[in-house]
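Chemist: The listed protein sequences derive, respectively, from chains A and B. Just so it is clear: in the first sequence, position 45 is 44 by numbering that gives the first Met the number 0, and no numbers are missing. Just so it is clear: in the second sequence, position 2 is 1 by numbering that gives the first Met the number 0, and no numbers are missing.
I should point out that these hints are in silico values taken from the structure, not numbers from a laboratory. Here a beta-carbon is modelled for each residue, glycine too, at the ideal position from N, C-alpha and C. A couple of the hints might just be wrong.
Claimed, not checked - Footprint (simulated), chain B over chain A, 3 or more residues, beta carbon under 8 Å: (1) 81-91; (2) 382-390.
Unchecked claim - Heads up, incomplete: computed chain A residues facing chain B, CB under 7 Å, no partners named: (3) A30; (4) I123; (5) V125; (6) G170; (7) F211; (8) F214; (9) A297; (10) A298; (11) G436; (12) V439; (13) V440.
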Amino acid sequence: MAENSASLLDRSRTVAGPGYNRWLIPPAALAIHLAIGQAYAFSVFKKPMGALISGNVDAPAPTDWTAGQLAVIFSIAIVLLGLSAAVFGKWLERVGPRKAMMASALCFGGGFLIAALGISMHNIWVVYFGYGFVGGIGLGIGYISPVSTLIKWFPDRPGVATGMAIMGFGGGAMIGSPLAVALMAQFKGVAPLGVAPTFIVMGLIYLAFMMFGVFTIRVPADGWKPAGYVPSTQTNALITSSNVDADNAIKTPQFWLLWVVLLCNVTAGIGVLETASPLIQETFSDKNMGDGRGVTAAAAAGFVGLLSLFNLLGRFFWSSASDKMGRKPTYMIYFGLGIALYALVPSLAASASLTMFVIVCCVILSMYGGGFATIPAYLRDLFGTMQVGAIHGRLLTAWSTAGILGPLLVNYLHDSQKAKGLTGAAAYQTVFYTMAGLLVVGFIANLMVTAVNERYAFKGTVTSASAGH
Amino acid sequence: MNPQPNSHPSNSEEPSSTMSVALAWLFVGVPLMWGVSQTFIKALTLFK
Chain A
0 MAENSASLLD
10 RSRTVAGPGY
20 NRWLIPPAAL
30 AIHLAIGQAY
40 AFSVFKKPMG
50 ALISGNVDAP
60 APTDWTAGQL
70 AVIFSIAIVL
80 LGLSAAVFGK
90 WLERVGPRKA
100 MMASALCFGG
110 GFLIAALGIS
120 MHNIWVVYFG
130 YGFVGGIGLG
140 IGYISPVSTL
150 IKWFPDRPGV
160 ATGMAIMGFG
170 GGAMIGSPLA
180 VALMAQFKGV
190 APLGVAPTFI
200 VMGLIYLAFM
210 MFGVFTIRVP
220 ADGWKPAGYV
230 PSTQTNALIT
240 SSNVDADNAI
250 KTPQFWLLWV
260 VLLCNVTAGI
270 GVLETASPLI
280 QETFSDKNMG
290 DGRGVTAAAA
300 AGFVGLLSLF
310 NLLGRFFWSS
320 ASDKMGRKPT
330 YMIYFGLGIA
340 LYALVPSLAA
350 SASLTMFVIV
360 CCVILSMYGG
370 GFATIPAYLR
380 DLFGTMQVGA
390 IHGRLLTAWS
400 TAGILGPLLV
410 NYLHDSQKAK
420 GLTGAAAYQT
430 VFYTMAGLLV
440 VGFIANLMVT
450 AVNERYAFKG
460 TVTSASAGH
Chain B
0 MNPQPNSHPS
10 NSEEPSSTMS
20 VALAWLFVGV
30 PLMWGVSQTF
40 IKALTLFK
């Protein structure tokens, strides 16, 4: 029995039979990404978790966890995301997506359950270990687990395929946040502010939801191609017909240029996400817009919601568009247009042009999401499909780096401007100009991307077995 | 475009039906649409 259940997860048991419809693969990938995307809704727990002793979110007790202590939970998770994606990428290629998705589901769901124990005991270290460490490993493995499989099933439109999955990560926060709010309200009478039972239920829900992905995912048979698919004969120097393994990929300048590209794109996006709510409230206040016409806290929350929608839509739109435009030109747009838009934000804020301000921020966030979703297809163009999941995993360390350094940089720049006595939009100018400067670096890095030297190419015959060599 | 495997894998399973594809999309689409609608409603407060 144990042998049977183990073999059910093996790569050999996941090879699709004749007639398997490849359009079952995106829902399988979405089941994973919609679940793990909850991580970006973690802030919904910050206030209740900071008032477990007092039971009143507006008046925490001295022994309650501080905002600083709680911020560390997400930081650990995001660092572990990058590290585990980098470390387990080759393992994923070897064992196949089903076993990796199972590991991700157990870690992510289990992380919630361990954290629930920590919340019940009011022991922050157990929460760090559960949601941060164990859950973070689930995030990393889960994020990369369907990518390589999707690219292999959709060689004719890799951008569309990965865009759909990575769009799910953006959507996960939209589900996780209202779900947590509803569950905490439901369990309010059971435990302090309903937090611990909410963690238990969410852990179980996500575990079950991810199982759908685990048992739906299939890999294509060696040599499979979509009916009628003929690889493009148009020469594009950046699209290789060779394959580079993950160990060799990180020796190429192209890998590190894309690392910089991702780092700059994510850090700049964080600049907007971190400042969106206070910036719109401070800039378009009653004082500046006239009594009753200013942006309220509720409207600012609506603005953040709107940005999340564009982040989600951008993931699918830009990644799909990159199949037509090419990956390098798409990143040229992200950075070229991004530089202009970031530089424009302070002027729009100063001129109190609310509509234009909202439109510009939405376009910026769409390109932030697009940057995440287009990178797997860019890697596939440069390094081939053989170990694209593992290579993607190693590249995600750029995301972890940006996830930690981005908010620090943004808050430092903003605080230093406030210390100089600047207020309102003026206090954010340096943030946006610095982000525009980062995009210049990203633009140059992308410009320098050329085809990978053939000496890095894998010399053997590429089969599912060589994917994990 | 229907995929056509050109080699025979070791396992044998029924070809997937259109219904199973539709159900799979519903399974993930319903929660996604719920989340998007919740966010959209929240976003509307900006325009009030």
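Chemist: Hint by hint, say whether it matches the structure.
Modeler: Hint check results:
1. 81-91: violated (count 0)
2. 382-390: That given contact is violated, which follows from only 0 residues of the stretch 382-390 of chain A lying within Cβ reach (below 8 Å) of chain B.
3. A30: 6 Å, holds
4. I123: 29 Å, violated
5. V125: 29 Å, violated
6. G170: Holds, about 5 Å.
7. F211: Cβ of F211 (chain A) sits 6 Å from chain B, so the hint holds.
8. F214: Since the shortest Cβ distance to chain B is 11 Å, the answer is violated.
9. A297: Holds - the Cβ of A297 (chain A) comes within 7 Å of chain B, reaching about 5 Å at its closest.
10. A298: Holds - the Cβ of A298 (chain A) comes within 7 Å of chain B, reaching about 5 Å at its closest.
11. G436: 29 Å, violated
12. V439: Interface hint status for V439 (chain A): violated (31 Å vs cutoff 7 Å).
13. V440: At about 32 Å, which exceeds the 7 Å cut-off, the nearest Cβ of chain B leaves the hint on V440 (chain A) violated.
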